[in-house]
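Chain by chain, the residues:
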Amino acid sequence: MSLDKTDVEKIAHLARLAIDDDAIPYYARDLTNIFKLVEQMEQVDTSDILPMAHPLDAHQRLRSDVVKETDQRELFQSIAPKTDSGVYLVPQVIE
Amino acid sequence: MHNKSLSELSASLHQGDFTSAELTQHYLDRINKYNGELNAFITVADEHALKQAEAADLRLQQKTAGKLTGIPLAHKDIFCTQGLRTSSASKMLDNFISPYDATVVEKINAAGMVTLGKTNMDEFAMGSSNETSFYGPVKNPWDLERVPGGSSGGSAATMAARLAPIATGTDTGGSIRQPASLCNLTGLKPTYGRVSRYGMIAFASSLDQAGPLAASAEDAALLLNEMAGFDERDSTSVERDVPDYTATLSDSLQGLKIGLPKEFFDEGLDSDVAATIETAIKMYESLGATIREITLPNSALAVPTYYVVAPAECSSNLSRMDGVRFGHRCDEPKDLDDLYARSRGEGFGEEVKRRIMMGTYALSAGYYDAYYLKAQQCRRLISDDFKQAFKEVDVIMGPTAPTTAFKTGEKTDDPIAMYLADIYTISTNLAGLPGMSIPAGFVNGLPVGLQLIGNYFEEAKLLNIAHLYQQATNWHQQVPDAFQ
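From first to last, the protein sequence lines are chains A and B.
Under this note's numbering, the residues of the first sequence are numbered 1 to 95, in order.
Under this note's numbering, the residues of the second sequence are numbered 96 to 579, in order.
Treat the hints with care, as some may be off.
[As the list claims (entries may be wrong)] EDC-like cross-link-like pairs, simulated, lysine to aspartate or glutamate; straight-line CA separation at most 16 Å:
1. A:LYS82 to B:ASP509
2. A:LYS36 to B:ASP509
3. B:LYS429 to A:GLU95
4. A:LYS10 to B:ASP509
Hints were generated in silico from the structure; no laboratory data involved.
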């Protein structure tokens with residue numbers, strides 16, 4: 001499989017990554033090479049193999065639904081790029 | 096002071112030979128003297144450390160101190176530390192002052208240890224040479240023209256130069272063991288789930304584990320005693336008692352069955368490294384162990400599988416870095432999409448962007464089955480190989496890395512050559528097993544690490560196996576001349 005400029009632009013958009021136009025050929029080359037390496041997986045037949053998502057085949061723990069955390073909004077927002085009256089500010093989305 | 100074991104330091108602190116403040120100052124002086132050439136620390140926490148040392152001295156006076164109270168350590172900059180910058184070596188988090196402590200940090204603080212600072216690393220732990228850091232590459236104290244390994248390269252350089260008594264690291268595909276190998280250290284990656292991941296900036300959540308980088312197996316056991324344990328804030332933390340890892344360090348190795356996977360001694364392994372590993376394994380025979388060749392037939396799938404699983408998980412984990420709630424935000428975004436894309440484009444380095452794109456592609460519509468699902472199936476095959484092997488042997492041994500430390504810049508233009516530096520360590524993470532690297536000798540003045548892989552939750556046995564080797568050899572006590 002070989003990735004071209006359009007593929008790289010599409011992937012970068014899906015990942016919400018602004019990349020320099022000059023860098024696109026290098027990403028295309030590197031990603032193509034890496035996916036060639038990855039495609040070595042095709043050499044084995046895995047049709048009957050159960051996928052392994054987690055090393056210990058663990059299941060999700062449940063806990064009782066009680067409040068333990070305290071409100072730390074001011075502390076958490078003190079490191080935010082832009083806030084106002086307890087909300088995070090971003091460029092206007094709806095006209 | 097800086098060549099003493101943790102037990103010796105602890106005894107001296109309890110006897111009053113010196114105070115924690117004096118010990119802390121000694122290490123801060125060493126950091127100030129050597130960090131310029133090594134670039135091992137991103138943040139040196141002088142003031143914070145001396146305050147913690149003062150509190151430790153009070154506990155020592157009041158006889159409420161534990162074994163590690165007053166002993167300094169360095170944390171990899173991937174662990175959130177309240178009030179201290181936690182950058183993960185990324186421009187994205189250059190301004191991030193964590194509002195909370197990671198569980199590992201909280202436990203180590205509760206033990207009364209002193210945080211000297213935060214060590215350099217590959218950006219978001221993505222790398223094998225510590226060259227992807229926003230703060231510049233780390234130098235290997237054994238040869239300043241060479242890399243210390245990665246991603247925990249700053250912690251490794253710190254330990255090799257004895258700028259701290261012990262350090263923390265994290266290991267997603269070899270990031271504790273490979274730098275330990277390249278810097279002559281004892282590094283341990285515990286079983287997945289043994290140490291809490293809460294507050295450890297996530298790279299690949301089904302692979303990441305924290306562990307110690309130490310001067311000896313005994314020191315590693317002492318720190319693991321503090322790090323390990325169940326944490327309800329980490330949904331994959333395992334509810335299981337933590338043994339005293341020092342209690343069984345000296346158990347006999349008589350009858351120990353060691354397996355050598357033939358796939359770990361193939362043509363990719365440097366012949367001098369191979370000879371060093373073979374000599375180390377012979378030493379185990381003289382300690383009473385028996386050796387047999389085993390096979391892990393799907394070993395060749397480990398690197399391809401990892402480079403789907405890890406990027407896929409990273410592309411998801413790093414989506415939280417969006418310029419909205421914390422971290423880098425671009426100037427004057429014209430709309431929300433522009434804010435996301437430019438903040439991320441400016442904040443992430445090349446390797447991180449490459450991995451996010453790999454993961455995004457592998458998870459995108461139409462490709463999921465071919466890549467992600469296939470990788471999860473290969474992961475099962477790799478894991479089953481180990482299950483089979485552990486029916487026959489107690490521990491698996493081999494090289495940690497295919498070569499000794501390589502030169503800075505040697506592999507930076509070839510991502511695949513860099514990825515192959517972890518060829519022997521990655522499968523352990525995919526299976527979730529515990530692994531170690533211990534000093535086993537030198538080739539042309541550069542350290543070689545012996546890798547030990549144990550069955551699930553057998554950290555105590557690995558530490559025992561490492562400790563007895565260190566009683567019979569002195570490789571682990573070697574320190575580069577310039578940093579004596």
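Taking each numbered hint in turn, which are not upheld by the structure, reported in ascending numerical order? 1 and 4
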